[in-house]
Amino acid sequence: MKQTPLHRNHLLLKAKMVEFGGWEMPLSYAGIISEHQAVRTSAGLFDIGHMGQIKVSGSDAFSSLQLLTCNNLSLLSPYKGQYSVLCNERGGTIDDLFIYQLPDYFFVVANASNTEKVLNWLRSRVTPYTQIDHLEETNAALSLQGPKAAAVLQPLCNTDITGIKRNLSMRITVKGVPVLVTKTGYTGEDGFEFFFEKAGAKQLWEGLIDKGAIPCGLGARDTLRLEAGLPLYGHEYNDETSPLEVGYKWAVKMDKGDFIGKEALQKMEREGLPQKLFGLVFDSKVIPRQGFSVFKDVGEKEPIGTVTSGTFSPTLKRPIAMAFLKNYRENPKEVYVKIRDVLAKAEVIALPFYKK
Amino acid sequence: MIPENLKYSKEHEWVKVEGETALVGITHHAQDALGDLVYIELPKVGAKLSSMQEFGVAESVKTVSTLYCPVGGEVVAVNEELKAKPEIVNEDPYEKGWMLKVKMSSPAEAGILLSAKEYGALLAK
Chain X
807 MKQTPLHRNH
817 LLLKAKMVEF
827 GGWEMPLSYA
837 GIISEHQAVR
847 TSAGLFDIGH
857 MGQIKVSGSD
867 AFSSLQLLTC
877 NNLSLLSPYK
887 GQYSVLCNER
897 GGTIDDLFIY
907 QLPDYFFVVA
917 NASNTEKVLN
927 WLRSRVTPYT
937 QIDHLEETNA
947 ALSLQGPKAA
957 AVLQPLCNTD
967 ITGIKRNLSM
977 RITVKGVPVL
987 VTKTGYTGED
997 GFEFFFEKAG
1007 AKQLWEGLID
1017 KGAIPCGLGA
1027 RDTLRLEAGL
1037 PLYGHEYNDE
1047 TSPLEVGYKW
1057 AVKMDKGDFI
1067 GKEALQKMER
1077 EGLPQKLFGL
1087 VFDSKVIPRQ
1097 GFSVFKDVGE
1107 KEPIGTVTSG
1117 TFSPTLKRPI
1127 AMAFLKNYRE
1137 NPKEVYVKIR
1147 DVLAKAEVIA
1157 LPFYKK
Chain B
61 MIPENLKYSK
71 EHEWVKVEGE
81 TALVGITHHA
91 QDALGDLVYI
101 ELPKVGAKLS
111 SMQEFGVAES
121 VKTVSTLYCP
131 VGGEVVAVNE
141 ELKAKPEIVN
151 EDPYEKGWML
161 KVKMSSPAEA
171 GILLSAKEYG
181 ALLAK
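These protein sequence lines map, in sequence, to chains X and B. So in the working numbering, spot 5 of the first sequence is number 811, and the numbers just go up one at a time. So in the working numbering, spot 20 of the second sequence is number 80, and the numbers just go up one at a time.
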């Protein structure tokens, strides 16, 4: 299993370690719920060194990426980033990404479990004048999230960070470590992500913790993104589900010219989406999990949908789930999820569950 | 963290034998592996269980686990406090976090369960 340069720090903090996307990563340190609350009320620090960091350069970098992604790269300018999706010809999803335009190249961040697939997908489709480099050997990454993230970060750098607005990036030095800092995250809170060379990982991690950041693992990362209604590959996204079904039409720019998957996505829009993603909120105590069937009513035999992610929401203090529903045109108000031998009633809501 | 006076199952439950009755709970290792517990489903008082029968489930934020009763018998009490505060099992799995009190149909059954030493060896594997 692959390890980030902070592996030893996680073990010193007695983290519970798990395998994720081929990496040995911390699931939790003090406990998922307390880490979740730290991000909602203070500042949490995540090792995200498992995420794929890819450099796309060369004279055709723009045109190659523009043809492969759903969002419009023309909307970028130096140091600006955008969320985007790589689709296959069927409109299904290869991966969802963040792409930053830097002065000399595009910097792409992919999901850990998909990085090899994304590299292969890009390398087999770009022009000879596009260079794809995987930065795994050299780079690490951290994510600092929560209402106190800026207060934790500012004393460690000599640049005024208030100028970094949502989705923007900047090259700064934090605790002596040169980083690309971005105003992004995956928690529903304000926060920063740092991309930097491995040698600085320990210094940065320990520096941010000294200033009050609470170490958080993948468990809290999952409950936080779920409350924020953010999709995750392998749950909401897969080779067969499109960004349209997930509710990310805003990231699909039909007017930008041709791109892989466009025809299929347009057809889907014309003929109607097979399903749409909703939030489910439960009164019961049992917890819905991925793959559980959703029914329109008690006594119905045919499911109208499937749970893609489910957990106990530390903020709402109730079980929540995201689920694809086929009967979305009927504006369903409530549905039932089969959880072992019970049918648990759920209120259907538009995502997200939590907004700061 | 493995009390000497208890017996253990390979499924990470503990049993405290008191004459013909037994208290049943899950081990420190089990609660730690599950993480923050948010719901524990227990049987009704009066339920009859055979040994290693499922008696409930423990839901944590991350996962769900089936609970097995290492000894057969009749449930004479359940820990009602866990309904509102499942986190008691995380905090004190061997005392306040007990789950069931079972009147054993054949108390000799408890004899074949693992000792603290044997359970410790199982965890060390």
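Worth flagging that the hints you see were computed from the coordinates, not collected in a lab. Hints may be right or wrong, so weigh each one.
Said to hold, decoys possible - Here are the computed lysine-lysine pairs in the BS3-like style, where the Cα-Cα straight-line distance is at most 27 Å:
1) Lys822/X x Lys145/B
2) Lys1102/X x Lys1151/X
3) Lys185/B x Lys820/X
4) Lys822/X x Lys156/B
5) Lys808/X x Lys1091/X
6) Lys1059/X x Lys923/X
7) Lys1091/X x Lys177/B
8) Lys1091/X x Lys185/B
9) Lys820/X x Lys161/B
10) Lys820/X x Lys104/B
11) Lys1151/X x Lys70/B
12) Lys156/B x Lys1123/X
13) Lys104/B x Lys1091/X
14) Lys161/B x Lys822/X
15) Lys822/X x Lys70/B
16) Lys1091/X x Lys145/B
17) Lys104/B x Lys1151/X
18) Lys1144/X x Lys156/B
19) Lys156/B x Lys820/X
20) Lys1144/X x Lys104/B
Said to hold, decoys possible - So the derived list for chain B, only partly shown, Cβ under 10 Å to chain X, looks like this:
21) Asp96
22) Tyr99
23) Ile100
24) Val117
25) Val121
26) Val124
27) Asn139
28) Glu140
29) Lys143
30) Lys145
31) Pro146
32) Ile148
33) Ser175
Unchecked claim - So these bits of chain B aren't anywhere near chain X, every CB distance computed over 12 Å:
34) Leu83
35) Val98
36) Thr126
37) Ala181
Because the structure is a prediction, the values reported are computed rather than measured. For each residue, glycine too, the CB sits at the ideal point set by N, CA and C.
task = Verify the proposed pairing of Lys156/B with Lys1123/X, using a straight-line Cα cut of 27 Å.
result = holds (23 Å)
Report task. Could you grab the alpha-carbon distance between Lys1144/X and Lys104/B and see if it respects the 27 Å cut-off? Result -> Status holds; Cα separation ~22 Å.
**Asked** CA of Lys822/X to CA of Lys70/B, is that 27 Å or under?
**Response** Given that 27 Å is the threshold and the Cα spacing comes to 21 Å, the pair holds.
(request) For the hint on Val117/B, just tell me whether its beta-carbon gets within less than 10 Å of chain X. (result) holds (7 Å)
Check: How about Glu140/B: closest beta carbon in chain X under 10 Å, or not?
Finding: violated (14 Å)
Please verify that hint: Asp96/B, Cβ, nearest Cβ of chain X, below 10 Å or not. It holds, given that the least Cβ distance between Asp96/B and chain X is near 5 Å, below 10 Å.
* Asked: For Val98/B, is the shortest beta carbon distance to chain X beyond 12 Å?
  -> violated (4 Å)
27 Å Cα cutoff - pair Lys1151/X, Lys70/B: violated (35 Å)
| Pairwise hint evaluation, Lys156/B against Lys822/X, where the allowed Cα distance is 27 Å at most | Distance ~24 Å between Lys822/X and Lys156/B Cα, so the pair holds.
- Query: Checking the smallest CB distance to chain X, is Leu83/B really beyond 12 Å?
  - Reply: holds (23 Å)
Q.
Check the hint pairing Lys156/B with Lys820/X against an upper bound of 27 Å on the C-alpha distance.
A. Holds: Lys156/B and Lys820/X sit about 25 Å apart, inside 27 Å.
Q.
Against the 27 Å threshold, does the CA-CA distance of Lys1059/X and Lys923/X hold or violate the hint?
A. OK: Lys1059/X and Lys923/X at ~23 Å, within 27 Å.
Violated hints, listed in ascending order, are 5, 7, 8, 9, 10, 11, 14, 18, 27, 28, 30, 32, 33, 35, 36; each of the other numbered hints is respected by the structure.
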